[in-house]
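Student: Now that you have both chains on their own, put them together as the hints suggest.
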Amino acid sequence: MADTLTARLLDRRTIDKAYPLVRNIVPGMTAARWTRFVRPILVPRSPDWPRGVMTIQNVAGYILSLFAFEVRADLHESRIFYMDHIMIPDLPGRATIWASTIGAAERLAEMNGCRAIRAEFRGGSERSDRDLLTSLESSGYSLAGVRAFKRLEVTSGSGSAGDGSDGVTR
Amino acid sequence: MQGSAYRDDSRDVVSRFSLAARAAAHPLHLVSPCDACRAREFSACASLTSEEQSRLAAIMRTINIEAHRPIFDESDAAEYVYTITGGTVKVYKILGDGRRQITGFLFAGDFLGLIHNEAYAYSAEALVPTTLCRFPRRRLEALLIEIPHLEQRLLAMASHELAAAQDQMVLLGRKSARERVVSFILMLSDSATRHGRPGDPVFLAMSRSDIADYLGLTTETVSRTVTLLKKKGLIELLDEKRIRLSRMSALREIAEGF
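Protein chains in written order, with my numbering: chain A, 1 to 170; chain B, 1 to 258.
No lab work stands behind these hints, which were simulated from the structure alone.
In this text the structure is predicted, and so the values were computed from the model without any measurement.
Warning: the hint list may mix true and false statements.
[Claimed, not checked] SDA-like mimics (lysine to any residue), calculated; alpha carbons at most 20 Å apart, straight line:
(1) B:K175 <-> A:T35
(2) B:K230 <-> B:R194
(3) B:K175 <-> A:I15
[Said to hold, decoys possible] If you want the ones that stay clear, here's a sample from chain A, every Cβ over 12 Å from chain B, calculated:
(4) R13
(5) G28
(6) P47
Just so it is clear, CB atoms sit at the ideal spot from N, CA and C, and this is done for glycine as well.
Isolated chain B, as found in the complex (with noise of 0.2 Å):
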């Protein structure tokens, strides 16, 4: 991988703080980096007993990625699996004519490190100021065989890789731009209500040319749809990052095709 920028979080001056006061608060509570998660409960961490989670947060390792930071790239030895625990991150694949293809977005509680032959199926890389969970795979593994419903859960998640993108080309099977940008806000809107956050206003962390790449759209035609969708007070663009659902059963029926 090169250009990787992570840090570790010990150096995280507000999350020693945050443990500290903690840990004077309830001298008899066992800190864990866990115990501060905020997206526990939505990621394969959740049906773990206290006891269980600090085995896993034993072997787990805090990492911390500046925006637009490779996480890793495809094709790098894969020593760990990831689980996202604060950010946004986009996974792509790199076409055989080099062209990239923007695969999937994966937010807070989604699990990162499909692999193919020992090596990462995709790339990921951080939109924003990303947080994980990172996992040495073979020590995962071995603590799967000893804790069954952590691997259950796994199951469940499936690796979010894979699942975002059989969510592209089932978004991709749509055929007009409009059903296709409406379908992505959605799409974002209900994985935020998924993982605790807010539908609405839905929080585009990605670019408009990586929503572009990844409807298979021209970044043109994302913008003049964005645009379209306003002027018929669809949806209210708050900024440039930020768009309010402001007829919510009339955007449903576009992405159904209707």
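One chain only, chain A, in its complex shape (with noise of 0.2 Å):
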């Protein structure tokens, strides 16, 4: 089964293709923020320590999942997969994109010499988080450390916050 999926890299040319999926995961979002987000990603910071966005495809090329990552060193592992952003929609049969979803960042971390990889998501209750958790858990992975998320209040003028949508959700 898990032929009839296909991990790709995204690239400048299908940023535009994997924005209705995006949309779908977090509603509202603006095609525009999603370039502005995803274009530096696409550029390495170096050949030693990629990233970038891994897509997963039907036969057909639709893109069903992505997620992006960083391969960043570590004082413990030496070398870590990092990966989150992880996008996956609630379609019949989803348990084979999570399954081929973390297969594809497996083979990456492997790929690129890395000796753990941490999987961050949301941690809300949505059904996909919990999928989510499941997968992972059924995987081999489990809960590790704590990541502690505070919203700060943002002034106006204070330049970053805006996303400089342009209105459009397309």
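Tutor: Take a look at the structure:
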């Protein structure tokens, strides 16, 4: 079944194509904001420390899931594969998409000499998060470490807060 | 969902007659609504054995939606998923400022019901009288565990709402109005062929205004572009809803930006 899905790196030409999936997971996301977010990620910091966005596509080339990744230095693990912005839509048969997504991450991590993988997701009560956790646990992952989060009040005119939205959600 | 206008197929006299006729002609043949389904070959059901087909049919209900009536609205609780067996559906999102953005058109054989947080991700409306198979989502998911190649087939098809929206993004990446309109017409032609219908003439179930919305153009630009294509002999307007593709290779070149 896995051969029906293929892992492919997102590139500049496919940024737009990934947008409907992103909008599905993050309602209200504009195309402009998605493009501004993802463009820099597609450029590696250096050949030794790759980063990018991996997509899982079906036989027709439609993007069914994606995640951002980065190989980072880690004091404990030397090189660690970090994945976040994991986006998998709620489709019938999504268990296979989860498996392909995790499999693609692990292959990339091995190819880049990483000794561990850290997967981050929002951790809310959404069904997609629960599904992701279940899939990760069944693939040998366990909860490790704690990440704290606080949303800061942003005063107007503080620059980076604006998304520069073009007001068009397409 | 407000104003939903579906009717159960058991009240469809024609459908009942044809099934009754089949049963009379083949008394030993089990008759299910799937037997007469013209979309089956192109839908998720194509790979199923007759036994699997029957199990799927057991949880399915056929519904008919009148033209221009909603099937479901974005953010409705997503209890069902659908396969279109006849007709045309437009899917759209309501933007933050209240405007509507059509993100795709779906046809017989297409699968419908993309979800986010237990609610539909898009709104869906029938453009013409449309027939759908409606499956309770939870029961379908349980069945997918038992019928792995149905899951495989569904993955290959993806959600057509998502696929249509990805097609739209590719289409909007084209620069000129002419490229967009020609690409759209060819997309309809290719889709019809893929679904076992004639790709020429192209049938336009949607209004010029819907096309304009989908292509990010004004209605006037769409109409002007169609008229120009006709004047250049690239297409022929058979009537308001049917376009003959007179010079296919030239149209393909325009779509590719040459």
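Student: Now, for every hint given, state plainly whether the structure supports it.
Tutor: Results for each hint:
no. : hint              : in the structure
1   : B:K175 <-> A:T35  : 18 Å, holds
2   : B:K230 <-> B:R194 : 25 Å, violated
3   : B:K175 <-> A:I15  : 17 Å, holds
4   : R13               : 9 Å, violated
5   : G28               : 6 Å, violated
6   : P47               : 30 Å, holds
Figure legend: structure checked against the earlier numbered hints; hints not met, in rising order: 2, 4, 5.
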